[in-house]
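First to last, the protein sequences are chains A and B. Just so you know, we're using the numbering used here here: the first sequence kicks off at 4 and counts up by one. Just so you know, we're using the numbering used here here: the second sequence kicks off at 4 and counts up by one.
Source of the hints: derived by calculation from the structure; they are not laboratory data. This structure is a prediction, so every number in the text was calculated from the model and none was measured. Fair warning: there could be bad hints in the mix.
[Stated by the list, open to error] Covered stretches of chain A, as calculated for chain B (at least 3 residues, CB under 8 Å):
no.	region
1	15 to 29
2	142 to 154
3	199 to 209
4	247 to 253
5	259 to 265
[Said to hold, decoys possible] Straight-line C-alpha distance at most 20 Å; calculated DMTMM-like pairs for lysine to aspartate or glutamate:
no.	chain 1	residue 1	chain 2	residue 2
6	B	Lys474	B	Asp140
7	A	Lys78	B	Asp201
8	A	Lys78	B	Glu387
9	B	Lys120	B	Glu155
10	B	Lys132	A	Asp292
11	A	Lys203	A	Glu81
12	B	Lys146	A	Glu81
13	A	Lys42	B	Asp140
14	B	Lys218	A	Glu81
15	B	Lys499	A	Asp50
16	A	Lys78	B	Glu194
17	B	Lys522	B	Glu80
Ideal placement from N, C-alpha and C gives every residue a C-beta, glycine not left out.
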Amino acid sequence: MIPLLMGITFITFSLTKALPGDPVFSIVGERSNPEIIEKIRKEIGADKGSLRQYAGYVTLLLQGELGRSYYTNRKVVEDIGQKFPNTFLLACAAMTIATPIGVLLGFIAALNKGRAADKIITTLSVSGISMPVFWSGLLLMLFFSLRLKILPPSGTGGLQYLVMPAITLSLPALATLIRITRITVLDTMDMQYVRTARAKGMTETAINSIHIMKNALIPIITVIGLEFGSYLNGAVLTETIFGWDGIGRYAMEGIVKRDYPVIMGSLLIGTIAFVLMNLIVDIIYHYADPRVRVHGTDR
Amino acid sequence: MGLANRAEIRLICLALSFICSLSLIGCTSSDRIAGYVHYRINYNPTTLDPAMIVDVTGGLIAAKLFNGLVRLDEKLEVTPDLAESWNISPDGTIYTFYLRRDARFSNGRLLSSSDVKYSFERVLDPGGKSPNTWILDKISGAKAFMEGERSEVSGIKLSGPYAIRIILEKPFSPFLNLLTMTAAYVVPKEEIRKWGEDFASHPVGSGPFRLTQWKHNNHLLLDRNENYFGGMAMIMGLRYRIIPEDLTALTEFELGNLDVISVPASEYRRIMEKNTGKNLVSSMEGINTYYLGFNCSRPPFDDIRARRAVSFALDRKRILETFYENRGRLAHGPIPDMLRSWDAPVLPDYDPAAARKMVDAAGLKGRKIQLYVTADPEVVDIAEILQDYLRTAGLSVVIKQLEWSSYKAAINNGEADMFWISWWADYPDPENFLFPLFHSSNHGPSGNRTRYTNRAVDALIEAGQKSSTRKERDHYYSLAERAIVDDMPWVFFWHKTDITVRQATLKNYRMYPIYSLDKGMEVSF
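Excised from the complex, chain B in its bound form (with noise of 0.2 Å):
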């Protein structure tokens, strides 16, 4: 027998050997503890500290341990929380709200109005670090107390244990959707000062888990609070299994060892191929818009005739149906359908000969024009799709990929003539769609990137913001759209659907859609 036979035979012995000491020491591939439901999320929340949380991964663990005055039930309606019940003033500036009085935090205490009071000058503190300000500071004297003017919040104002009054500044329709939003739950005082600024790695809250465990970049324990005042959740608890690759999660799937998981893209077909007829892959209708944004604010797409052409020259449809695969609805408007009582706007159909006359109209045959994308390979494909489009039509587009940082600096500061990205709701209300995106006094980082400025369009999301009845409201809204959609400062491409894969274990499993709405309290085994 040859060295090179012996060398082989010893070598396929010690991989052997390697395998079976593997088996010897008890070794599974089983990650799994009994009673509670394994969810996977990509990233380490960065806080979940209410006041500080601006990503979906921390918010909606928050809303598993913290409660809010008022959220949102499954129809997207407000409905009570931490507030019984609740009157406005008919001038809509006046809001009373009564608190239940067997709420409790989870290390015992009962919860009463003053840890509203509290909760809310903490994310208005001007000593704070709080990037949430703006959803309370709509509140009559947060300015002045943001400012240090003043020691507290004079619109906020405590009616006995039970009962608080806060009142606006001017009217703001959506005001009772922006008490559904993380940096509005409520907080123990007692709690923050021990712990300071680890409260964001301890917090206690009143919601229906608690956190026992968090391994940072490996998982998150909540355990079911047993005090919890909407009753008792029917799992034990949640494991947060923190996995940054799809196709890791995939398989830690395969293995049982996550409950439920989003389908990754690239086995979206393969997925839905092995689970026909299971009745175990869900899709929920996101409220959220994808779209090409252009910068309006200096040439080429200051003139509506270059908008035109790039919006003529694109077959959104032929796109979401092909290279999308359909996981989504197209756009008709920057306002997400569920969230539109009104008839949709009509987008202009693909129209390639009517591109390249518009691209001749508005001078732009030949011209470099600058389509700033993410370093995500979904949305570099996509790009280069559009880029081929433009070409067809006569327009030269050069692709830049930035990491995300940088594109995000770089679109704030209305560096691109093109880029590509997407908006998700805060709270389910069109003014959420309208007034950060196409507002004149939101350029930049507030939500217009496209730098898009149209005084009438400002006035009717103005007016729609003070209107006090929905009608009025919507009114309104639907008009600003409609001047919107003429305008185009966006090609409106597609509302995204979520879709997830579950166990077949796992029993009344509902997807939501938007975050803060699931508290963990009907999935059961």
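The following block holds chain A by itself, in its conformation from the complex (with noise of 0.2 Å):
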């Protein structure tokens, strides 16, 4: 993990280096002169070699610390430490709405294939995977909170802020799992141990929850942790429409102002979660497929 976290750090370091801008410009407002522009420079150490600076951000990572803002001076492990539970919140809310619905979808999808549910669902899932978060947030917005309004349209808080950010960043996922786990059954139901089971008189019912869904899981919890993965790096679109105080908007505006330091701990803390994230799916393997199970440990 620290050698993987050491190469993200320098990858990230080079990439926003790389990139045109520069941060003094956006921090001493539309009228300067050369003189501040030399003093900011200096004093956010703009001024030093790309390796240097590399090496005074390790030291501060080896602290415990992630720097300060250029523009809020605001510490920004304090401003993680705000937006990531949000974020969390939001991704396991997400997660929540999109895996039993996707998963039940595409189970459903495949014991019908060819029938009018599964091409009810099929479409379903292709215009979830097709709709914007844009264009599917606005329009929850309109019937949810101007219509019906039961909901606030946006803000960060309690449940009644939560539901809409939280179905429409569930939209990609529920249709990604409703396509991932109705193929992933139908390659199931094809193969011989079904067949077997069915030869030895076993109900529908059995087959189906023990040997197919089962045997289906790999993939499906594959897609669920890659996918909470990527929303605990944060949903700009979503969190910008609903104004919710989350990782990717404070990411976005660290990296439209060239915020180093903000950009730099966002990544940083993204990367971290991803790998967690994976670890965890691998642990999930290990109890979900005997198959996966190391060598030596369960004999």
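Quick one: dock chain against chain with the hints and give me the complex.
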């Protein structure tokens, strides 16, 4: 994990430095003079060579710090500490919606392959993948806020603020899960062990739950893990539309203003979240499928 | 009943039960605090430390929390704020301010002249990070202090607890205007010591409101300061909600969660039609100028014929009336009309035939010209309109669209042939539209991004800055403006009008041409 994170810091640092634009011009505003620019460049360490800047950043990291934002002067670690729980909450809520509905609909579609239910669900799935979140988000806002007047259009806070961004964010994952579940279940249904189970006289419910669903789990868990991991890196559009104070908006504002400490901090936290998510998925594989258990531990 | 139908019915039941459960847990679309005026801001203010503020959002909130020695009134004249009165020496270099004795910071302490000195020196502090030193560096001894040669600014002298003398290096006629700006607000030393760099999030001033809550990227809550020397605001407080998306803000407004919003360009026509006769839409001529800048330091636009060709080729009036839906006034030069007390210069009319001749004369036919713009969709649309007009005149324009940070770096470094940008007043004086934008000492990030150089114009602007009477000052500024219009370093487009719509429940709402004017004292329910 540590070498991976060091690699990530180096790559992100190099990429941020390669970006065109200069943070100093954003700090000084529309009117400045060369003396002020020079002073601020010195203040933020932009006058030093890239390697020295990187070494300084790594030293800061080893002290458990992520630096201060060039613009707000606030500690990046404190900002992330405020925003990451919101992102985590939103990601959890989105996956809580997407996972059961996606898997259930995918399963129903597979069991009814070629029939009306399959066609309807597949159409919904394609629409979910194709519909951009800024469009679906605004539609939800129009319906729940303006028409029904039961949900506030924007803000960060309790359940009422969470519902619409969570539904919006869940739609692409839901659609992907429908597709992956349908395909995997269809593949599994053709397996010999399913035919054997049926020949043994097992009920369809038992075949579906014990043989098909259990064996189809691995790709579904993989997709859930990947989607959840990407949501933990923030969802810029959803957060912007609903004014949700998450890590995606924070990182985006950092990128636009070339606020290097903010960009680096957000990317680092996002990477850690993604790596941890993959680790959790690997652990779940271990329990979901005996075939991927490490040799020697389960003999 | 087929499986498909059963599945559909289950889905419908699920959706209905979801909606019912939301209603049952008491969700509502209302999000208001009674007695507070709810405003929308697009972004989280960068900082509320007056020494550090460079953005309008930070400035308009800081104006409610802090006071300067002087402020602007509705006629854009300088008027007393913390200073009850002042006098200026005949040579225009010594300003003596007499402070009111009842001004207190919101922490309860009385404000005195030493706080003014502390605040000014804090901006100029060589160890500080303020990007606003240019506002106060005209004070005598400021440069030596900024370079660490002196421990205090020699030109700031206390004359007792309620009087302060400020001595300038040389006469600078807009100096009082500079003192109305955010960086010249007075801050309490003990709070700066207490909070250190985090004063930016915990500001304490002497203004009519005090910050009671700042949930970053969510909202700011300002309660009225009951000890404010200017009396108590008519409302309990102000709530600034941070909503980046225009359509979301519009939804919040339509639900009554916001009291005022700026009308988004995409909704302008609908809102105007919907509010016809209701007197809820306000507009205010902004003190700004939108322009197409030429890079005058290199070919092809170092040649005045090339600049003229572009100027003749563009029908500014038509673009303003059609695409911009008359949300602005046509510019007659760089200076907005409300700051100009002399006859406006006459700009050349749209003349495509003359433009084509000029393109041939300057040898521009077929030459690729880069037009730099930001990623703002409205600006990109304008760029495409300009590209089309210039194509008709025989010019081949390549639009280069960059996000704001890269765009600023590119135009500051002189990479663009042409660029689209606007300039908004820091203070309401013609000097603010001349010195930073056209003086040859300000090339690049200082404001003169066209790299325009005309020694005669430099001399006229400097003469205006030194003039002690308004008449004399205006004389020099009018000559400078005419010379600039003749040289055409810009195509002068328009001065944008700000348009807002408010709820009928909001009373005494007014728009102000400069953010610092609005102290939030008049508005009520």
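Item to complete: Any hints from earlier that this structure breaks? Give me their numbers in increasing order, please.
Response: 3, 6, 8, 10, 11, 12, 15
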